[in-house]
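Engineer: Spelled out, the chains give:
Protein chains: 2
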Amino acid sequence: MAEAITPRSQDFAQWYNEIVRRAELADYTPVRGCMVIRPYGYALWENIQAALDRRFKETGHQNAYFPLFIPYSFIEKESEHIEGFSPQLAVVTHGGGERLEEPLVVRPTSETIIGHLYAKWIKSYRDLPLLINQWANVVRWELRPRLFLRTTEFLWQEGHTAHATAEEAEEEARRMLDVYADFAEKEAAIPVIKGRKSESEKFPGAVHSYTIEAMMGDRKALQMGTSHNLGQNFSRAFGIRYLDRNNRLQYCWTTSWGVSTRLVGAVVMVHGDDQGLILPPRLAPIQVVIVPIYKEEGERAAVLDFAHRVAGLLQGRVRLRVDDRDEYTAGWKFNEWELRGVPLRIEVGPREVAGEEAMLARRDVPGQAGKWTLPVEGLLEGVSRALEDIQESLFKRALRFREEHTHRPEGWEEFVAAVEDGFALAPWCGDAGCEKAIQEETKATNRCLPLEAEPLSGGERCVRCGRPAQELALFSRAY
Amino acid sequence: MAEAITPRSQDFAQWYNEIVRRAELADYTPVRGCMVIRPYGYALWENIQAALDRRFKETGHQNAYFPLFIPYSFIEKESEHIEGFSPQLAVVTHGGGERLEEPLVVRPTSETIIGHLYAKWIKSYRDLPLLINQWANVVRWELRPRLFLRTTEFLWQEGHTAHATAEEAEEEARRMLDVYADFAEKEAAIPVIKGRKSESEKFPGAVHSYTIEAMMGDRKALQMGTSHNLGQNFSRAFGIRYLDRNNRLQYCWTTSWGVSTRLVGAVVMVHGDDQGLILPPRLAPIQVVIVPIYKEEGERAAVLDFAHRVAGLLQGRVRLRVDDRDEYTAGWKFNEWELRGVPLRIEVGPREVAGEEAMLARRDVPGQAGKWTLPVEGLLEGVSRALEDIQESLFKRALRFREEHTHRPEGWEEFVAAVEDGFALAPWCGDAGCEKAIQEETKATNRCLPLEAEPLSGGERCVRCGRPAQELALFSRAY
Numbered sequence: 490m491a492e493a494i495t496p497r498s499q500d501f502a503q504w505y506n507e508i509v510r511r512a513e514l515a516d517y518t519p520v521r522g523c524m525v526i527r528p529y530g531y532a533l534w535e536n537i538q539a540a541l542d543r544r545f546k547e548t549g550h551q552n553a554y555f556p557l558f559i560p561y562s563f564i565e566k567e568s569e570h571i572e573g574f575s576p577q578l579a580v581v582t583h584g585g586g587e588r589l590e591e592p593l594v595v596r597p598t599s600e601t602i603i604g605h606l607y608a609k610w611i612k613s614y615r616d617l618p619l620l621i622n623q624w625a626n627v628v629r630w631e632l633r634p635r636l637f638l639r640t641t642e643f644l645w646q647e648g649h650t651a652h653a654t655a656e657e658a659e660e661e662a663r664r665m666l667d668v669y670a671d672f673a674e675k676e677a678a679i680p681v682i683k684g685r686k687s688e689s690e691k692f693p694g695a696v697h698s699y700t701i702e703a704m705m706g707d708r709k710a711l712q713m714g715t716s717h718n719l720g721q722n723f724s725r726a727f728g729i730r731y732l733d734r735n736n737r738l739q740y741c742w743t744t745s746w747g748v749s750t751r752l753v754g755a756v757v758m759v760h761g762d763d764q765g766l767i768l769p770p771r772l773a774p775i776q777v778v779i780v781p782i783y784k785e786e787g788e789r790a791a792v793l794d795f796a797h798r799v800a801g802l803l804q805g806r807v808r809l810r811v812d813d814r815d816e817y818t819a820g821w822k823f824n825e826w827e828l829r830g831v832p833l834r835i836e837v838g839p840r841e842v843a844g845e846e847a848m849l850a851r852r853d854v855p856g857q858a859g860k861w862t863l864p865v866e867g868l869l870e871g872v873s874r875a876l877e878d879i880q881e882s883l884f885k886r887a888l889r890f891r892e893e894h895t896h897r898p899e900g901w902e903e904f905v906a907a908v909e910d911g912f913a914l915a916p917w918c919g920d921a922g923c924e925k926a927i928q929e930e931t932k933a934t935n936r937c938l939p940l941e942a943e944p945l946s947g948g949e950r951c952v953r954c955g956r957p958a959q960e961l962a963l964f965s966r967a968y
Numbered sequence: 490m491a492e493a494i495t496p497r498s499q500d501f502a503q504w505y506n507e508i509v510r511r512a513e514l515a516d517y518t519p520v521r522g523c524m525v526i527r528p529y530g531y532a533l534w535e536n537i538q539a540a541l542d543r544r545f546k547e548t549g550h551q552n553a554y555f556p557l558f559i560p561y562s563f564i565e566k567e568s569e570h571i572e573g574f575s576p577q578l579a580v581v582t583h584g585g586g587e588r589l590e591e592p593l594v595v596r597p598t599s600e601t602i603i604g605h606l607y608a609k610w611i612k613s614y615r616d617l618p619l620l621i622n623q624w625a626n627v628v629r630w631e632l633r634p635r636l637f638l639r640t641t642e643f644l645w646q647e648g649h650t651a652h653a654t655a656e657e658a659e660e661e662a663r664r665m666l667d668v669y670a671d672f673a674e675k676e677a678a679i680p681v682i683k684g685r686k687s688e689s690e691k692f693p694g695a696v697h698s699y700t701i702e703a704m705m706g707d708r709k710a711l712q713m714g715t716s717h718n719l720g721q722n723f724s725r726a727f728g729i730r731y732l733d734r735n736n737r738l739q740y741c742w743t744t745s746w747g748v749s750t751r752l753v754g755a756v757v758m759v760h761g762d763d764q765g766l767i768l769p770p771r772l773a774p775i776q777v778v779i780v781p782i783y784k785e786e787g788e789r790a791a792v793l794d795f796a797h798r799v800a801g802l803l804q805g806r807v808r809l810r811v812d813d814r815d816e817y818t819a820g821w822k823f824n825e826w827e828l829r830g831v832p833l834r835i836e837v838g839p840r841e842v843a844g845e846e847a848m849l850a851r852r853d854v855p856g857q858a859g860k861w862t863l864p865v866e867g868l869l870e871g872v873s874r875a876l877e878d879i880q881e882s883l884f885k886r887a888l889r890f891r892e893e894h895t896h897r898p899e900g901w902e903e904f905v906a907a908v909e910d911g912f913a914l915a916p917w918c919g920d921a922g923c924e925k926a927i928q929e930e931t932k933a934t935n936r937c938l939p940l941e942a943e944p945l946s947g948g949e950r951c952v953r954c955g956r957p958a959q960e961l962a963l964f965s966r967a968y
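Top to bottom, those sequences are chains E and D.
Counting in the working numbering, the final residue of the first sequence is number 968, and the numbers go up one at a time with none missing.
Counting in the working numbering, the final residue of the second sequence is number 968, and the numbers go up one at a time with none missing.
No wet-lab data here; the hints were simulated from the structure.
The beta carbon of each residue, even a glycine, is placed where N, CA and C say it ideally should be.
One or more of the hints may lead you astray.
[What the hints assert, rightly or not] Restricting the straight-line Cα-Cα distance to at most 20 Å, the calculated cross-link-like pairs of lysine to aspartate or glutamate (EDC-like) are:
1. E:K546 / D:E659
2. E:K691 / E:D733
3. E:K612 / D:D516
[Stated by the list, open to error] Pair ranges (Cβ atoms, derived):
4. D:D815 / E:P944: 40 to 46 Å
5. E:E535 / D:D616: 21 to 27 Å
6. E:K885 / D:E877: 33 to 39 Å
7. D:E909 / E:E591: 38 to 44 Å
8. E:E941 / D:E877: 48 to 54 Å
9. E:E535 / D:E816: 46 to 52 Å
10. E:R639 / D:Q959: 24 to 30 Å
11. D:R615 / E:R543: 57 to 63 Å
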């Protein structure tokens with residue numbers, strides 16, 4: 490037997506690391522802060538990519554690819570931007586055996602180089618809106634890396650759009666936030682809170698930053714995606730202008746938005762349990778694993794034959810694997826595929842062969858309660874329904890968990906207790922100093938100003954300083 | 490009218506650059522040697538990726554993602570490898586605001602870092618073969634960049650496999666060469682010659698390198714993909730070992746293989762003509778463009794309506810665009826979509842509306858000869874057949890062109906004339922000095938030793954030095 494997994498309740502961070510490595514999602518490398526995404530983790534990322542890419546294309550975006558390297562001077566052009574990113578940069582100083590005249594930055598994000606090119610491509614209102622997305626790797630130096638959550642190099646997508654009006658840019662930033670929320674809830678089965686970032690938490694160079702925030706299994710928040718209305722900050726820094734219908738030269742209004750391989754970490758932390766991963770069926774690389782069970786050599790041929798017949802009924806309709814390896818026992822395989830979070834297991838043994846049926850076992854419902862038998866005729870229907878049900882159950886469970894650990898504290902003492910337990914929705918004065926004090930005293934940060942919270946009725950006071958509240962804010966400890 | 494395109498016969502390199510930029514496949518950037526792949530070019534690359542990725546998965550490979558950065562010391566571990574790559578490296582010396590203790594190389598290829606990780610993952614014969622592919626960006630410093638063909642950063646895939654025996658590694662290297670050839674011929678409509686690289690042309694660290702070589706429109710060769718049997722060179726350098734069935738520790742046998750965005754350049758150079766791109770239907774981002782034609786405002790509504798009805802008949806079955814922009818004339822649109830290489834154009838005007846028919850025009854057959862009319866009923870069938878026929882015609886045309894310009898010279902004078910015109914298949918003594926002399930005197934390099942050439946009958950003499958020939962080699966000027 491393999492070593493037991495650290496329970497979540499004992500040490501969530503340790504549990505996370507063990508699961509990610511033992512399920513072979515990712516591994517450390519000798520390159521400080523950089524991970525390798527192993528085939529099983531990458532297959533999960535490919536499914537995430539496909540679900541997002543489809544949504545990007547449906548909303549009119551096209552993919553492109555911009556350079557990895559950015560001249561150092563470009564990063565300096567937008568003052569907030571360089572301030573935000575300079576401590577995180579990886580810098581190429583030598584190329585082709587020579588010292589470079591100007592160092593090149595490995596992109597931490599691409600607003601600057603894309604801004605330069607948009608200035609070249611955009612001439613008239615006819616070229617707008619320009620709606621481009623890029624799937625790429627980016628580098629932000631990390632001293633305390635964590636697999637998927639915080640690594641020096643990570644994979645992401647970054648959308649960059651240019652518009653004729655401020656309103657259109659704001660609409661775009663909000664539209665893409667909705668796209669992210671839709672993806673998170675429908676595909677990853679993760680309920681999210683959409684909100685605006687406070688001044689001190691927003692993207693360097695943005696006018697407004699929007700975020701989707703989710704509650705992980707340890708009740709901490711994870712920022713799962715962000716969308717920024719950049720106003721004219723980058724268009725002025727890079728000269729992105731267009732001739733309007735009246736032949737006047739105008740600066741464009743731009744946006745950017747991104748999600749990363751961090752989403753894999755979210756899926757692990759929201760749904761996993763002490764046995765391992767639980768993958769939502771829509772994203773699972775393997776949705777159904779078929780495990781043939783036989784004790785005597787005489788049973789083997791009939792059982793394997795039947796297992797492949799069952800597979801044939803599902804092939805092409807569900808992502809499927811028959812684990813017919815002889816060198817492992819059925820019990821070992823059960824553990825292995827539970828660890829790897831396959832949503833549905835089908836067991837076939839001599840009894841199933843005789844009865845022309847299959848035994849199903851849900852990963853999200855442990856023990857006998859999650860098991861039932863289906864006749865092979867109608868199996869595809871039963872399996873499809875089960876997968877849909879698992880998808881829905883995972884979402885509902887995560888939502889219930891979040892709701893149980895979300896509080897509306899009255900006063901400071903309740904607030905402290907609330908962020909100890911999970912999320913606190915609290916009136917806030919809007920002052921960055923107060924935000925900072927809250928963080929220092931409770932380790933909880935201002936995650937966002939939720940877009941869908943009921944407005945303040947008036948008269949509320951800031952949970953910390955007692956001054957009149959400006960907004961309802963979501964505070965939580967976070968990744 | 491837009492400026493005329495430089496004819497291919499006048500200046501092929503200039504024609505290529507104009508086409509790539511005017512069709513908006515790619516553009517220069519302020520980062521020396523790095524290009525931006527624009528949406529139309531990237532959509533073409535996405536189709537190339539999909540066609541290859543399907544073949545990789547069908548042959549049992551999985552995708553993964555390895556770090557961008559490689560410790561400098563890793564590159565040095567395999568002596569031929571560092572010798573081959575050191576003049577091309579981009580080096581990160583600073584990260585997170587500090588000078589790094591050990592510089593990091595931006596991967597020029599990933600054998601070394603992957604070798605290190607395989608050594609960690611592979612324990613027993615049960616873990617073999619390990620068949621992994623990566624889609625990634627790589628960097629090799631280029632002083633004379635050319636869009637798609639030779640850029641400092643480029644996108645590619647690199648397969649890396651480990652096997653228990655020398656035979657399996659050799660089989661894998663040859664299998665992937667076949668996969669590349671199948672892709673090139675069936676999807677890109679480009680006939681290729683499969684061959685082995687000579688000692689001096691092979692990959693740094695390989696035992697055997699295989700290549701597919703194609704003839705471009707200027708009769709020069711382009712290496713379109715390579716596959717390497719690395720023997721035990723990297724497994725010994727990185728300690729990639731496994732316990733065999735008899736519990737003995739053995740070194741693995743490894744391979745690597747890759748193709749890049751250079752394939753986009755090949756598609757441009759093989760099929761394009763003086764009007765612009767001609768894209769093979771299987772890879773074309775837009776397979777059919779529908780252009781509504783109307784002169785009077787009164788015709789507009791009926792024609793547009795009909796154009797969208799025609800589109801509805803094809804939607805979901807072919808990649809399609811209706812160009813219903815009012816700000817451009819039909820003539821301008823014809824030129825634009827010819828430049829961009831859309832294989833099939835459908836024109837609909839008042840006459841087509843009245844006759845319930847559509848006028849089709851093939852991009853690969855200019856003028857009236859490529860035009861015909863189809864009734865709207867049965868349009869999908871007619872369009873599908875036309876696209877298949879275009880795909881096949883492009884391949885045949887490229888094959889005929891290559892055959893017309895491939896020679897079997899007898900003696901040095903004929904050889905010089907042959908490589909002046911195109912490809913020369915010639916007996917060669919096998920000596921690197923002779924290869925070098927040929928290059929210096931004719932600019933033709935040894936592209937490969939074709940795998941499917943008939944064997945030498947014996948008695949042949951090297952085309953240059955007259956010593957007994959060892960092999961039949963393909964010589965050509967090349968990109």
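Engineer: Now tell me if each hint is right for this structure.
Structural biologist: We went through each hint and held it up to the structure:
For the given pair, K546 (chain E) sits about 41 Å from E659 (chain D) by alpha-carbon distance, which is inconsistent with the 20 Å threshold. A threshold of 20 Å between alpha carbons decides the hint, and for K691 (chain E) with D733 (chain E) the separation of about 30 Å lies outside it, so the pair is violated. A C-alpha spacing of about 16 Å is found between K612 (chain E) and D516 (chain D), which places the hinted pair at or below 20 Å, so the restraint holds. Take D815 (chain D) and P944 (chain E): their Cβ atoms lie about 44 Å apart, and the range 40 to 46 Å holds.
The hinted window of 21 to 27 Å between E535 (chain E) and D616 (chain D) holds, with their beta carbons roughly 22 Å apart. With their beta carbons about 49 Å apart, K885 (chain E) and E877 (chain D) fall outside the hinted range of 33 to 39 Å. Between E909 (chain D) and E591 (chain E) the Cβ separation comes to about 43 Å, which falls inside the hinted range of 38 to 44 Å. About 51 Å separates the C-beta atoms of E941 (chain E) and E877 (chain D), a value consistent with the hinted range of 48 to 54 Å.
Look at E535 (chain E) against E816 (chain D): about 40 Å separates their beta carbons, and that is not inside 46 to 52 Å. At about 57 Å, the beta-carbon gap between R639 (chain E) and Q959 (chain D) misses the expected band of 24 to 30 Å. Separated by about 37 Å at the C-beta atoms, R615 (chain D) and R543 (chain E) break the suggested range of 57 to 63 Å.
In summary, the numbered hints that this structure violates are 1, 2, 6, 9, 10 and 11.
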